[in-house]
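A.B. asks: Heads up: the protein sequence lines correspond to chains V and A, in order. One point on numbering: in the numbering used here, the residue at position 135 of the first sequence is 135, and numbering is uninterrupted. One point on numbering: in the numbering used here, the residue at position 9 of the second sequence is 9, and numbering is uninterrupted.
Hints in this document: simulated from the structure, not taken from any laboratory. This one's a predicted model, so the numbers in the text were calculated from it and none came from an experiment. Treat the hints with care, as some may be off.
Here are a few chain V residues that face chain A, going by a calculated C-beta distance under 8 angstroms [said to hold, decoys possible]:
id	residue
1	Phe84
2	Ser118
3	Leu122
4	His185
5	Ala218
Per label pair, the in silico range of CB-to-CB distance [unchecked claim]:
id	chain 1	residue 1	chain 2	residue 2	range
6	V	Ala12	A	Thr80	45 to 55 angstroms
7	A	Ala22	V	Gly130	33 to 43 angstroms
8	A	Lys39	V	Leu23	23 to 33 angstroms
9	V	Phe83	A	Ala85	23 to 33 angstroms
10	A	Lys86	V	Tyr29	50 to 60 angstroms
11	A	Lys19	V	Ile314	33 to 43 angstroms
12	V	Leu15	A	Ala22	50 to 60 angstroms
Chain A residues, not near chain V, derived (Cβ > 12 angstroms throughout) [as the list claims (entries may be wrong)]:
id	residue
13	Val5
14	Ser6
15	Thr12
16	Asn16
17	Arg25
18	Ala29
19	Glu30
20	Gly32
21	Val33
22	Asp34
23	Thr54
24	Glu74
25	Lys86
Note that beta-carbon positions come from the ideal geometry of N, C-alpha and C, so glycine has one too.
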Amino acid sequence: MERTVLASRRPAALLASLAAAALAWLAAYIALPDLADYLTYGLLGLDRASHLGSSVGFFLYDVPKILLLLTAIVFAVGIVRSFFTPERTRRALGGKREGVGNVLAAMLGIVTPFCSCSAVPLFLGFVESGVPLGVTFSFLIAAPMINEVAVVLLFGMFGWRVAALYIGTGLLIAILAGFVIGRLHLERWVADWVYQIRMGQASLEETRLDWEGRVRYALQAVRDIVGRVWPYVVVGIAVGALIHGYVPEDFMAGIMGRSAWWSVPVAVVLGIPMYSNAAGVIPVVQALMEKGASLGTVLAFMMSVIALSLPEMIILRRVLKWQLIATFIGVVGSGIVLVGYLFNAVI
Amino acid sequence: MANAVSIKVLGTGCPNCRKVEAIAREAVAELGVDATVEKVTDIRAIMGYGIMSTPGLVVEGKVVSAGRIPSKAEVTSWITTALSAKQG
Chain V
1 MERTVLASRR PAALLASLAA AALAWLAAYI ALPDLADYLT YGLLGLDRAS HLGSSVGFFL
61 YDVPKILLLL TAIVFAVGIV RSFFTPERTR RALGGKREGV GNVLAAMLGI VTPFCSCSAV
121 PLFLGFVESG VPLGVTFSFL IAAPMINEVA VVLLFGMFGW RVAALYIGTG LLIAILAGFV
181 IGRLHLERWV ADWVYQIRMG QASLEETRLD WEGRVRYALQ AVRDIVGRVW PYVVVGIAVG
241 ALIHGYVPED FMAGIMGRSA WWSVPVAVVL GIPMYSNAAG VIPVVQALME KGASLGTVLA
301 FMMSVIALSL PEMIILRRVL KWQLIATFIG VVGSGIVLVG YLFNAVI
Chain A
1 MANAVSIKVL GTGCPNCRKV EAIAREAVAE LGVDATVEKV TDIRAIMGYG IMSTPGLVVE
61 GKVVSAGRIP SKAEVTSWIT TALSAKQG
């Protein structure tokens with residue numbers, strides 16, 4: 001396989017512009033609380049104690065904050081992702097036995113670039129390479145669920161502990177669910193033609209990206225993701241702001257509070273048919289939490305919405321029979337319910 | 001059209017695949033070369049090229065890009081290379 005190195009121009013200039021951008025970002029982030037404060041109470045003259053003032057203050061602070069965080073993290077993750085390709089992941093996973101394979105697949109699922117439209121070619125490629133079915137599933141669960149948008153938003157709204165817990169339990173679910181599915185030996189529920197297909201030999205020259213190429217890739221990811229997601233962030237935060245300002249405390253406690261034991265499974269079931277990207281769901285989640293919903297229940301709801309996505313199920317329907325899809329939903333759903341209970345009990 | 005450069009865009013229809021197709025067509029138009037741009041959406045055909053992430057780009061039967069949106073400059077250079085290979 002030939003390797004073509006894209007010529008790099010003026011690496012020093014690149015570094016300088018990146019450093020400048022980082023400084024500008026930091027300055028904006030630090031100035032934000034005071035700026036939002038000034039805009040709401042100073043410029044617009046709203047009353048600090050009023051519902052409207054509270055809502056607007058929340059909104060004007062959170063929207064830029066989240067967008068700034070998103071931009072930074074998507075860029076950083078983009079750089080990390082530029083080092084991984086599905087082809088390399090496939091090679092890394094091919095022939096690994098279960099257990100180890102599940103762990104590796106889940107971790108690789110986080111860093112390998114993945115778009116749900118590639119779910120089918122990816123699935124086929126993995127199967128073709130002798131990656132066990134369960135290991136493939138560990139990858140397919142981790143990749144959409146543990147996405148940087150979700151992690152950033154959780155970090156921005158709940159702090160790093162919750163974000164870390166999300167990543168940790170997400171990995172755990174991906175590993176265990178994939179392992180369980182593998183152990184159930186459900187190969188008979190994969191569409192027959194999948195095992196008959198012969199994948200062509202990749203003639204793709206592996207272009208080793210230089211740093212300029214990586215930065216370009218990461219910037220493209222920022223334009224792509226933030227560009228797609230920002231309306232949801234704005235709407236989500238607006239809804240969250242309204243709840244923050246207007247809904248009385250503990251309103252949600254009865255419905256989504258920890259005392260209602262059924263709230264976790266119900267939240268997960270509700271989340272299955274719903275699909276939203278993380279950006280839309282999390283601001284609402286935060287506001288709900290402020291009003292008494294317990295962390296475990298809302299996180300379970302969020303995971304269910306993101307990880308069990310209807311569009312992706314429809315795409316996978318091409319390669320999986322419905323029994324396998326149902327099993328997939330069942331196993332992952334149960335994992336999420338357990339995590340929900342765990343969170344409620346511990347936090 | 002016998003000597004047209006054959007370009008295929010591999011993808012199942014997501015926005016990224018359409019972008020790649022648009023870039024390919026633009027590159028062809030700007031170069032003014034004789035080329036056919038074809039969209040391949042059948043999954044089995046796509047698998048035949050040995051890639052796992054769409055969108056993919058194939059120039060004269062060779063996979064030049066997979067899983068990302070190449071820049072117009074890159075596409076232009078691939079077409080030019082393929083063209084000189086054909087004529088040389």
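A.B. asks: The output says arginine 25 of chain A does not contact chain V. Does that hold with a beta carbon cutoff of 12 angstroms?
C.D. replies: Holds, since 19 angstroms exceeds 12 angstroms.
A.B. asks: Classify the label on aspartate 34 of chain A as holds or violated, using whether its beta-carbon is more than 12 angstroms from each beta-carbon of chain V.
C.D. replies: holds (23 angstroms)
A.B. asks: Does glutamate 30 of chain A really sit off the interface, with its C-beta more than 12 angstroms from all C-beta atoms of chain V?
C.D. replies: Non-interface label on glutamate 30 of chain A holds, nearest chain V Cβ at 20 angstroms vs cutoff 12 angstroms.
A.B. asks: So, histidine 185 of chain V near chain A? Judge it on the closest CB pair being under 8 angstroms.
C.D. replies: violated (24 angstroms)
A.B. asks: Please verify that hint: phenylalanine 84 of chain V, Cβ, nearest Cβ of chain A, below 8 angstroms or not.
C.D. replies: violated (10 angstroms)
A.B. asks: Holds or violated: 45 to 55 angstroms for the Cβ distance of alanine 12 of chain V and threonine 80 of chain A?
C.D. replies: violated (30 angstroms)
A.B. asks: Measuring from beta carbon to beta carbon, are lysine 19 of chain A and isoleucine 314 of chain V in 33 to 43 angstroms?
C.D. replies: Violated, at about 22 angstroms.
A.B. asks: Any Cβ of chain V at or closer than 12 angstroms to threonine 12 of chain A, or is the non-interface label fine?
C.D. replies: violated (5 angstroms)
A.B. asks: Check the non-interface label on alanine 29 of chain A: least C-beta distance to chain V beyond 12 angstroms or not.
C.D. replies: The assertion about alanine 29 of chain A holds, with a minimum of 22 angstroms to chain V.
A.B. asks: CB of alanine 22 of chain A to CB of glycine 130 of chain V, is that within 33 to 43 angstroms?
C.D. replies: holds (37 angstroms)
A.B. asks: Just want to verify: glutamate 74 of chain A was marked as not at the interface with chain V; is every Cβ pair farther apart than 12 angstroms?
C.D. replies: At about 8 angstroms from chain V, glutamate 74 of chain A fails to clear the 12 angstroms cut-off, so the statement is violated.
A.B. asks: For glycine 32 of chain A, which was marked as not at the interface, is the minimum beta-carbon distance to chain V over 12 angstroms?
C.D. replies: holds (25 angstroms)
When the structure is compared with the earlier hints, violations turn up for hints 1, 4, 5, 6, 8, 11, 12, 15, 16, 23, 24 and for no others.
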